[in-house]
Amino acid sequence: MRGKSSIIICIMNFIFVSFFIGGAWADGTEFEGEIEPGLKITDYNGNPGKVGEYEVLNQGCEPKVDFSLKGSGENFSFDASGSYSDYDEQEYSFDADINRILQEEFTYKRFQHWLDHDSLDNLAAVKGSGYGPVVYHHDLEAGNDYIMYYGEEKSKTTLNLPFFPGAQMHFNYHRQVKRGERQSLSMSHCAACHVASRGRRINEETTDYKFGASIKRKWFSLLYSFTDRDFHEHGSAPVNYYDEVMHPNPAKPAGLFDDRAIYGNENLPYGHVPDSEKYIHTIKAKSNVIKNSVLYGSYTRSNVENNSNNSEVKFDSWFARFTNHLIPGLVFNLKFRYFEIDNDDIFVDIPEYVANSGPNAGSTYQDVYGFDPDFLRKSAMSRDVSTFNFDTRYRLTPKTTLRAGYEWEKIDRDDYIVGGGGEKETKKNTVNFTLNSKLHRKLKARLSYKYQKVDDPFSNYDAACEPANPTPVPGSAFGGTQYYERQDSRTAKLSNQPTELNDLKFSLNWALKSNLMIFGNYHYLSSDNDETDYVEWEQEAHMPSLNVWYAPTSKISLNVSYIYNYMETDSLACIPVFDG
Amino acid sequence: MEYEAKTHTLLAALNYQVNQKLTVGISSSYSDSKAKIRDLVFDSTQVSGTPAGYNYDLSEVDNYSELDIQQLDFAINADYRVRENISMNIGFNYRRYDDDEPYLEDGTGEAYLTNISLLYRF
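Line order of the protein sequences matches chains B and V. One point on numbering: in my numbering, the residue at position 433 of the first sequence is 437, and numbering is uninterrupted. One point on numbering: in my numbering, the residue at position 27 of the second sequence is 155, and numbering is uninterrupted.
Think of the hints as simulated: they come from the structure by calculation, not from any bench. The structure presented is a predicted model; accordingly, all values stated were derived computationally and were not measured. One should not assume that every hint holds.
Have a look at the derived ranges for each label pair, beta carbon to beta carbon [as the list claims (entries may be wrong)]:
(1) B:Asn-360 - V:Tyr-192: 35 to 41 Å
(2) B:Lys-160 - V:Tyr-192: 45 to 51 Å
(3) V:Leu-142 - B:Phe-224: 50 to 56 Å
(4) V:Asp-167 - B:Thr-495: 19 to 25 Å
(5) V:Tyr-240 - B:Asn-519: 31 to 37 Å
(6) B:Asn-310 - V:Glu-194: 27 to 33 Å
(7) V:Tyr-240 - B:Lys-517: 28 to 34 Å
(8) V:Ser-161 - B:Ser-302: 57 to 63 Å
(9) B:Lys-113 - V:Tyr-248: 45 to 51 Å
(10) V:Tyr-192 - B:Tyr-373: 33 to 39 Å
(11) B:His-193 - V:Tyr-192: 18 to 24 Å
(12) B:Asn-563 - V:Tyr-222: 31 to 37 Å
(13) V:Leu-232 - B:Tyr-373: 46 to 52 Å
For every residue, glycine included, the Cβ atom is placed at its ideal position computed from N, Cα and C.
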């Protein structure tokens, strides 16, 4: 079906090209174009993945060609261009217009992306001895290059209905394929952590069809569109051999820990990527029926379905904006947005096995400790978000404009706790202003500032830090504190989202002479979260930059820039201390 | 724990129309990026007693977090108009990536790219 669709798109574009070429000779169409054949000579040393991250670097000499062609006649015009230097590095575009009734924009491109290959050496950063806290790691494909190849086709067709002025029909097509291999990691646990790395074949295809219709009248415009998206992973999931489950002490009998893991001593697939489908309905309306005002509204409904387990994510969004410029020099906008996301709950059923030796022989873990491993996965994604925004722009003087705004936002989550007392709501209050001024005929300045205060930002509640070791029994995994009790006793809330944010930007454009200009910018960002436990999360950034443009003669131009980025983050690091 | 990242970037470009037929362009960018976890302090007061077989060594954590990367991109390009509708272009591009503290893998490498082309307008 997808192959046929691609063929249909190609045929449509062929018809377009044939029509123009055929019609051109008959109609005396004027052409202009250029063609640029050439050679690309490439050599490299060391790792090509960073010096040519998005390029094909084949050592040696290769041909390449760029071209463009434009044509226009009495009732039509077209513009085509292309570039080819390798099968995985090519790009084409074609735009056409027939009598302003039928318009087509088509692009096709391919490129490649070098991906990182983690040697896993960093897993040795924390290491112990004996059967202590060691993370074993094996890169089973050391030295392999992981590269992703992308291909993308986009087509946008617009039909202006000649018998219904102002009415349009739209048909958009988009297909993206990703092929190649990327690194994938799997982990066995018990007796010790064992991380294994191998390549994973990727063969993804995403296809979008979008149909729509719109109408424009003097007082209003209306648009409706429907998008259907299919995602398919043709590649199979990689398979890993998971280590045999055993006690950390190899002298202990086999089968002692068989009740503590759900797989071991077997080959199993991992990292399965499910196929999915998505549809989107969108309605947009705009009206200027009220004098000196524009009223805009939109509604979007989408649904994503995981084809492996039929779980769904539903999304509904309403947006409204009112703009008024009745008072000379004053423009204000009122905006309101509400959206809700509902991600299905998923019941996770964990197989429970019995221990085959030792004190728990013949019993499951739940039989002995009362811990039920099955759980209902509720999603942090499910939430209602309301946003109200007011901003105004006023011309203080003929050369100075002030823009100020306020935004209130509430995020109400269905299940996910972000604060004490089971709090699931985040509230944000933001104020901002921007001052634009032409201080002098050669000097322009811009100053903007944003302050944000947030109650209960997104965080991981009780995510880290156990209290002083809760009644352990050294050397015994059976009678002492269990891992799930340790995890349940964690007390520290972690977050990388601020409760308070200050964002200051300043820029200056100075035309010293007609051939000398200086641009200066400074951006300061400060965020902190005083709701995290033990240590406040803080982040501070300074980003100054300076740019000088100088043209000593009409034939020489020089541009020099310096940019500095500094960022410092303070956070709590809590490392769980346990063996096994 | 503190994580600090710094990047200095310098960009320069010169365009010179030597005569009616020849235009030369030179551009270059250089960036120096460094990042590191600092003050990773292990608070032993949070643990009462030593677990059996315990032997943590956290001394290399800050080394593994360290990034130290320099990137250079230098390009020179000459465009010569042979005729009104024919131009010849020659360009050379040198790129260098120095990874002094590899994290995932050593990305150190350099590339030399030369382009020669003939443009025909019709």
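Hints and how they fare:
Against the hinted window of 35 to 41 Å, the Cβ-Cβ separation of B:Asn-360 and V:Tyr-192 comes to about 39 Å, which satisfies the hint. The hinted range of 45 to 51 Å is satisfied by B:Lys-160 and V:Tyr-192, whose Cβ atoms lie roughly 48 Å apart. Roughly 53 Å separates the CB atoms of V:Leu-142 and B:Phe-224, a value that falls within the hinted 50 to 56 Å. At roughly 22 Å, the beta carbons of V:Asp-167 and B:Thr-495 sit within the given window of 19 to 25 Å.
Range check, V:Tyr-240 to B:Asn-519: about 35 Å between beta-carbon atoms, so the 31 to 37 Å window is met. For B:Asn-310 paired with V:Glu-194, a C-beta distance near 40 Å fails the hint of 27 to 33 Å. Between V:Tyr-240 and B:Lys-517, the C-beta spacing of about 39 Å breaks the proposed range 28 to 34 Å. The hinted window of 57 to 63 Å between V:Ser-161 and B:Ser-302 is violated, with their beta carbons roughly 41 Å apart.
A C-beta distance of roughly 24 Å is found between B:Lys-113 and V:Tyr-248, which places it outside the suggested range of 45 to 51 Å. Separated by about 36 Å at the C-beta atoms, V:Tyr-192 and B:Tyr-373 satisfy the suggested range of 33 to 39 Å. Checked against the hint of 18 to 24 Å, the pair B:His-193 and V:Tyr-192 passes, with Cβ atoms roughly 22 Å apart. Between B:Asn-563 and V:Tyr-222 the beta carbons are some 19 Å apart, a value that contradicts the proposed interval 31 to 37 Å.
Range check, V:Leu-232 to B:Tyr-373: Cβ separation about 39 Å, and the 46 to 52 Å hint is violated.
Hint violations for this structure: numbers 6, 7, 8, 9, 12 and 13, all remaining hints satisfied.
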